[in-house]
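Going line by line, the protein sequences match chains A and P.
Going by my numbering, 154 is the number at position 148 of the first sequence; the sequence numbering is gapless.
Going by my numbering, 49 is the number at position 43 of the second sequence; the sequence numbering is gapless.
Please note that a few of the clues may not be correct.
Just so you know, same-sequence chains aren't split out, so a pair can sit in one copy or run between any two.
Said to hold, decoys possible - With a Cα cut of at most 20 Å, we get these calculated EDC-like pairs of lysine to aspartate or glutamate: (1) Lys130 x Glu162; (2) Lys22 x Asp12; (3) Lys130 x Glu116; (4) Lys188 x Glu82; (5) Lys202 x Glu120; (6) Lys67 x Asp94; (7) Lys85 x Glu194; (8) Lys85 x Asp98; (9) Lys19 x Glu82; (10) Lys118 x Asp201; (11) Lys174 x Glu116; (12) Lys202 x Glu47; (13) Lys22 x Asp187; (14) Lys202 x Asp68; (15) Lys188 x Glu80; (16) Lys85 x Glu120; (17) Lys22 x Asp170.
By construction, these hints were calculated from the structure, which means they are not laboratory data.
No experiment lies behind these values; they were computed from the predicted model shown.
One-letter residues, chain by chain:
2 protein chains.
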Amino acid sequence: MNFTQDDAQKLLKIIKARRDVRGNRFIAKPIEDTKLQLILEAAIHAPSVGYSQPWRFIVIKDQATKDKIVQNFEDENTKAKKIFHSRDLYQDLKLEGINEAPLNIAVVYEPKDEPVLGMTSMQKMGEYSVVCAVQNMWLMARSLNIGIGWVSILDEQKVLKTLDAAPKSQLIAYLCVGYVDKFYEQSELKMLGWDKEIKLHKCVEFL
Amino acid sequence: MNFTQDDAQKLLKIIKARRDVRGNRFIAKPIEDTKLQLILEAAIHAPSVGYSQPWRFIVIKDQATKDKIVQNFEDENTKAKKIFHSRDLYQDLKLEGINEAPLNIAVVYEPKDEPVLGMTSMQKMGEYSVVCAVQNMWLMARSLNIGIGWVSILDEQKVLKTLDAAPKSQLIAYLCVGYVDKFYEQSELKMLGWDKEIKLHKCVEFL
């Protein structure tokens, strides 16, 4: 299959329009099953090292589970606020949308017991495959005008326990998924002045 | 910006048509600078934890560098062949396209010295941001009808030394980038019977 210049430009637009969405932007409108299906279908078409497909997607609506994840976030963010005590902006930032988003999806890496092709030298390739799945989900969601926020201020082991995950599982991403009232034009942290954009020529070199 | 159903379907097509390309499919046609630019532009619009943008892209055409990477691969794959000694298929697989691809791109994670928002609890988020950039590159390349192969059978520390990377850098991905004579319809490892497809319902659960 050959794609056209228009297709490439459309993809670039989706990539550039993707945002990390927090609780201040999600709306209550439920996610249709057909759209959730498309997001998960995008996920499992990610590259996986040695075709190992080492992912598990736990779709969460259960309020008791969400409550535990919120508490986990609050505990971890209390520590983080101390680390960033000198930056007033951090203290007021809304950094998750666990309750505001109608769906949460925990994306978990389940290592294989046997050796995996392509992982014999770089053992993190299994995790990285699952991260590729997350990025596919994020782009697919954006093309469906659905927002995703990746919550990383969490104690991983407690999340895995809350989810009753299989032994040896690793939490790769905890995603909040929902429609939004709007997508910002740019990264929220850039707009708020948390950090500056690094231009392309600053991060590319040629050999 | 709102995307249409057609846009979402187009993205899903690109996602499903992406392949891991090895040396048996690359052709010598050079990559135009404008297309390389688009691939790198897609990369730096990936999500990055705390807007840290912790990536560096080393674009490699230099033959002496490629020679060292090939040697690195050969050494690591000799070990891997022993691990997979009972699987004949492994012994004959072409698993890289370092010389066949006109461009190689090493994608490196450069950790920050100061604390990063969103990394205070899950410290791998920096690496994961760089993986998201790799997946953006891969999809962007596919939409431009350019193939990418991710070579992971490499000694990471030796690659970093070969590239004269900054201290504390981590190699996330070593990519071979080039036009191809064809893209396979399905994952090559699936077609060859290395492993079976895991259907969506097997890797999703609901809470």
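A quick look at each hint next to the structure:
1. Lys130 x Glu162: both (17 Å within a copy, 11 Å between copies)
2. Lys22 x Asp12: both (15 Å within a copy, 18 Å between copies)
3. Lys130 x Glu116: For Lys130 and Glu116, the Cα distance is within 20 Å both inside one copy (12 Å) and across copies (16 Å).
4. Lys188 x Glu82: neither (28 Å within a copy, 49 Å between copies)
5. Lys202 x Glu120: between (44 Å within a copy, 15 Å between copies)
6. Lys67 x Asp94: Classified as neither: same-chain Cα gap 33 Å, cross-chain 46 Å, threshold 20 Å.
7. Lys85 x Glu194: neither (22 Å within a copy, 46 Å between copies)
8. Lys85 x Asp98: For Lys85 and Asp98, the Cα distance is within 20 Å only inside one copy (14 Å; across copies 52 Å).
9. Lys19 x Glu82: Neither. Shortest intra-copy (35 Å) and inter-copy (39 Å) distances fail the 20 Å Cα cut-off.
10. Lys118 x Asp201: Between copies only: 13 Å across chains, 39 Å inside a chain, cut-off 20 Å.
11. Lys174 x Glu116: Answer is within: at 7 Å inside a copy they meet the 20 Å cutoff, but 28 Å across does not.
12. Lys202 x Glu47: between (34 Å within a copy, 17 Å between copies)
13. Lys22 x Asp187: Within one copy only: 18 Å inside a chain, 30 Å across chains, cut-off 20 Å.
14. Lys202 x Asp68: Result: close neither inside a copy nor across copies, 38 Å intra and 32 Å inter.
15. Lys188 x Glu80: Close neither inside one copy (26 Å) nor across copies (51 Å); limit 20 Å.
16. Lys85 x Glu120: between (38 Å within a copy, 16 Å between copies)
17. Lys22 x Asp170: neither (36 Å within a copy, 31 Å between copies)
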